[in-house]
Structure formats: C-alpha cells, structure tokens
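Peer 1: The primary structure of each chain is shown beneath.
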Amino acid sequence: MLAASSVEMRKVNKFYGKFQALKDVDLSILPGKVTCLIGPSGSGKSTLLRCINFLEEYDSGEVRIDGQLIGYEAPNKKMSGRKLREMRRSIGMVFQQFNLWPHMTAKENVAEGLIRVRRMSKADAERRAVEALAKVGLADKMANHPSRLSGGQQQRVAIARAIAMEPRLMLFDEPTSALDPELVGEVLSVMRTLAGEGMTMVVVTHEMGFAAHVADQVGFMEKGELVGVDSPDRILHHPQDARIQSFLRTYHERNSF
Amino acid sequence: MFSLAVFLQSFEPLLWAARYTLLISILGIGLGLVIGTLVCAARLSPYPLLRRFAAIWVSFLRGVPLLVQLLVFYYALPVIGLDVPAMVAAVVTVGICASAYISEIWRGAIAALPRGQAEAAVAIGMTPFDVWIRVILPQAVTLSLPALINELILLVKASSLVSVVGILEITRASQAQAATTFRPLEVYIAAACIYLVINLCLAALGRYLEHRTAV
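First to last, the sequence lines map onto chains A and B. Taken in order, the first sequence gives residues 1 to 257; the numbers are from the UniProt record's numbering. Taken in order, the second sequence gives residues 1 to 215; the numbers are from the UniProt record's numbering.
Derived by calculation from the structure, the hints in this document are not laboratory data. Cβ coordinates follow ideal geometry from the N, Cα and C atoms, glycine included. No false leads were slipped in.
Beyond 12 angstroms from chain B on every Cβ pair, some chain A residues (computed):
1) R10
2) K11
3) Q20
4) D66
5) E73
6) K77
7) D140
8) G151
9) G152
10) L183
11) S189
12) H206
13) K223
14) E225
15) P239
16) E253
Here are the computed distance ranges between Cβ atoms for each label pair:
17) F129(B) - D241(A): 45 to 55 angstroms
18) P46(B) - K11(A): 27 to 37 angstroms
19) A178(A) - R19(B): 48 to 58 angstroms
20) F129(B) - S150(A): 30 to 40 angstroms
21) G42(A) - L23(B): 53 to 63 angstroms
Chain A on its own, in the form it takes in the complex (with noise of 0.2 angstroms):
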C-alpha cells in the first residue's frame, strides 16, 4: 500500500445563507489512523467528513491533506477542477446510500474508475476491480448488478470501488446507517481489515463499538462544533463535557433492553 496520507484541518467555518454549519472546527489526523466522528443527526459531522475532499465547499479555514490546501489555491482563490480532481484520486468516499451505479456490474462499478480516472486498459481495470472485491469477499457477485445485492454487499461493493484506485486516506459518512442491523457487521469487518493495513480513515458513525475498539480518536460534535477530540477511552467511557455525557446517556437508554 502507498503511504497513508495525513489530514490537517484550521479554523473551518461553513455557512448554509445564515445558518452555520460549522464552527471554527481544528482537527488533526495523522497518517494511518482511524479517527471516528460521533455526535447527534445534523450536528454537522457529515458536512465536516465532507469538506475533506471538498464535496462540500467550507467558506473559510483550512483543509490540508499531506500539507496541500484542498478546494482553494489562496483565500478566495478556487482551485482548477483539474488540480481538485487530481487531489480527490488518492481519497476514497463511501457513502450512507453506497450509490453505485445501478446500470452497471458490480465489476463494472469498480472498473469505471480506473478506466475513467486512472486510464488503466479495461483488462487491467477488470483485473484489478475482480482483486479488490475478492478482497471484500465478493468474487462470487462481480457479474451482478446491484439491485441483485444485499445492502450489505453493495456496501462492500462501494468500499471495493473506493480501494481498487488505491487511496491514501479513506472517508466513511455513515456507512452502516442504511443497512439492516445484521448486514452491519460484513461492513464493519472489512472497515477492520482496512484500518489494521494502516489506511487513514475518517468515519462518521454512530457504531460506539466500532469507535471504541478500532478508532484512535474520536471527536465528538454537537451544533457544527467540534467539541471534543481524544482517545476512545475517554471520550466514549470517561467524557468530560457535559453534552458528550449527555448524548451517550440517550445513546445508552435507546439500546439497552
């Protein structure tokens, strides 16, 4: 694998008309490592996992991968579609609906990328697409359309896409929030695999057992804040901050029985 890539964000801001998607969110990801993103629905995580490969434009700050400014070239300055597009073959993005295309094979799906992007021959894209979805346990479904798989194999599906162009840094915006509670733990597993070869991954989630036992750090947001960033331990089991505590009570009494 290519070296894992870092993530540098300062002072982001991001603004939807008057409402205030983020605020003046620092967070450090060094190379290699899992950092999970928790914290209640529209507080602004997705948005932040966003910024990073500049899906989402943040209106002012910083977001370096590896040291490059992403999205801009100086403040105000946008950066060519061409330099953006440059910088976004080395992040993979799974997203929370997969969104592979329906009209394609699963092979397919994986294989456009690196024909499209990568300008590999369609003998080497297919090759590579048949290894990265043997990879995700899939070699049986490469002919099959989507529609013809389980959520949780077009998950999979949609992290071999992600794989097979061979990013530096991994993005996860909810990966198992559309997916039936058994079908949760093929996707979790294969996030697993990835993180003990040493990807950078950032995953918005809100698996507490994922973030405790495969995160680094986790940051907690709440009303486009980022109000905490430690070690799981002691954001999920010894939160200092009242709205931390506040939000894994209500987590806890949802899914105790």
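For this one, chain A is given, so just place chain B on it according to the hints.
Peer 2: Coordinates of chain B only, in the frame set by chain A:
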C-alpha cells in the same frame, strides 16, 4: 351497410399516404431529440442567459397549438423570402414542437436521479463530461423511455395536422378517399386501423427497449 370490399380497397391509397405520416413522425422526433437535448443542456447550464432562453423556448412552443405553429411557420417563411417545400416546413415544425416536450422529459429524468449518483463519480475524480456520459445520461435515458415513446405516439397522431399545409398523409388521404367513394365510414375505419397498428408497434418497441435497459 358496411361494405367489406370498400373497406379493404381503402387500404391501398391510405398505406401509400402512411409513408408520409411515418416519415414526418420519425424525422420530427429525430429533430426533436437533437434540439430537445440541446435545450435541456441549456436549461441545466450554469449560464443564466442560456437557461432563460431555454425556458422561454419551452413555454412558447408548449403554449401554442401545433396546428397554429404549422400555419404560422408555413405562411411566415415566404414573407421573409424563404420558399421551403411543405414537407420540410412540416418536419421542422413538428421537430421544434417536440423539442419542447423532449427537453422537459430529459430534465425530469435527470432531476429524478439521486444526487449521490453524480457525487460518487465526482468523489473518485471523474471529469464533469464523464459524469454526464457514463453516469447521468445512461440512467436518464432508461428513466425517460416510457415518456419518450409516449411522445412519439402523440407525434404520429399529431402528424395528421400537417394535412393543413397540403401533405397527403393518412388523414388527408382518407378525407379524399371518403369524398370520392361516398363511403366515409369504411374509409375512416381503415385509417383508424392503420394508426392503431403503427402505434401498437411503437408501444411494443418501447416495451422491448425498456426490457433491454432494465436493471
């Protein structure tokens, strides 16, 4: 009494005239697809002036009956010194009129695609051109097939209107035939049969294409 002989005899001149009905419909939808795609692209473009132009194009052409458009076009061209054959005037008018509906069919299909489809492509670094060609348009075509076939069938029927500029298509031919045979019922039922067969074939084509592109 209904005369089977007259009914059957009517088919020969009417089938001859059906060539024009088909020609105008097919060329019209072809032209309509080309112009409609461009108008839709203009409508979705980032340029306000183009968007405005496309919106006006659609609302004018949808707002005026095809019959009136045909007459205006046919009588306006000689005024500006253009002498075009009736057939050309008919195809162009039908095509332009269809373009307004087709651009809206495309726009609806594209708007119906989840935003995540394009986002997934953008996130791996695909160019805007590739996003359109590889991800958006193939899905939009599939989604809009029923509406496009619907439009084609409407066009076949609307082509009867071009008789006003003197083209001998099915409807006009049946009027002429009815006048000479004094058997309007047999002739018009024959005309109805021909339209029906054409449109049933188009509907079958539509089902075949939908089946082929189904995912």
